[in-house]
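Engineer: Sequence:
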Amino acid sequence: MRTEKLLPLIGLLLVAPFRTVEARPVQSEVQLWYTVSAQGGIGEHFLYYLEAQPRFSKDDGRAILRSAGGVRLLQDMSLWLGQAWIPLWVWDGDPALRQGESRLFQQYLYTPKLGSVRGTLRARFEQRFLAGTTEVSLRARVMLRGAQPVAAEGRLSLIAWDEVFYHLNSVAGGPSAGFDMNRAFVGVGWKYGDHASLEVGYLNVFTRRPTAQSDQLIHTLAVSMPFNFM
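Numbering (this note's numbering) for the sequence shown: 14 to 243.
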């Protein structure tokens, strides 16, 4: 299927979940997310990915420590298998450090060049091991991203992406099946080295919380430092 025919279908899949989300009260807060990541090749066909992402709010903080190995199908297409550990800190809690979540995930990654725009399609299937339950929560997430060089011989780019999360099952004392969250980002990227970049922007995170009195809207300052050796 040609890319120009595939993109409208993907867009429809991203928008469709919101048609079933009922309007509810929304609780807003501000957070800071900081990401450092590195990816590269191992030989001709294999890939690696490492990530550390601390997140800070007024009440708590958490970090996503993620690693994955991949195999290259084509120059711009790959399959991945990875894991993540997510510890949680509560500033005024006792104990302050608590077990948050562990994950396994499988991922499809496609990074086509669409004219001057570098596109990204990422589809990820997660198995989440949550504190307080022995059941496994299953979640699918799809991200579309575009980066458009605008100045400084292509080193300065405008970046926008959107990612939809969807729970595939219900877990007692945990997530319910259905739409989970949407993340939308807009910002700028600066390539300051052959393999190093800095991305800064606004990230809007809307989360459905069916067991709470309100849903959640996070206004996030997102700072990323990706190192790409591919």
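It is worth saying that the hints were derived from the structure and are not from the lab.
One should not assume that every hint holds.
What the hints assert, rightly or not - Have a look at the derived ranges for each label pair, beta carbon to beta carbon: (1) F138 / G206: 32 to 40 Å; (2) N182 / S129: 22 to 30 Å; (3) V39 / A136: 36 to 44 Å; (4) A190 / V39: 36 to 44 Å; (5) F240 / L86: 21 to 29 Å; (6) L45 / L87: 32 to 40 Å; (7) L87 / Q119: 15 to 23 Å; (8) N182 / G206: 18 to 26 Å; (9) W203 / Q140: 29 to 37 Å; (10) A190 / E166: 23 to 31 Å; (11) V163 / G82: 32 to 40 Å.
For glycine and all other residues, C-beta sits at the position ideal for the given N, C-alpha and C.
Engineer: Could you run down the list of hints and mark each one as holding or not?
Structural biologist: Each hint, compared with the structure:
A hinted range of 32 to 40 Å for the beta carbons of F138 and G206 is consistent with their spacing of about 33 Å. Hint check: N182 to S129, Cβ distance near 41 Å, so the stated range 22 to 30 Å is violated. At roughly 28 Å, the beta-carbon separation of V39 and A136 lies outside the given 36 to 44 Å, and the hint is violated. Distance hint check for A190 and V39: the Cβ-Cβ separation is about 21 Å, which falls outside the suggested range of 36 to 44 Å.
Between F240 and L86 the Cβ separation comes to about 23 Å, which falls inside the hinted range of 21 to 29 Å. The hinted range of 32 to 40 Å is satisfied by L45 and L87, whose Cβ atoms lie roughly 37 Å apart. The given range of 15 to 23 Å is respected by L87 and Q119, whose C-beta atoms sit roughly 18 Å from each other. Range check, N182 to G206: about 43 Å between beta-carbon atoms, so the 18 to 26 Å window is missed.
Remark: the range hint 29 to 37 Å for W203 to Q140 is upheld by a beta-carbon distance near 36 Å. Remark: the range hint 23 to 31 Å for A190 to E166 is contradicted by a beta-carbon distance near 48 Å. Between V163 and G82 the beta carbons are some 34 Å apart, a value that agrees with the proposed interval 32 to 40 Å.
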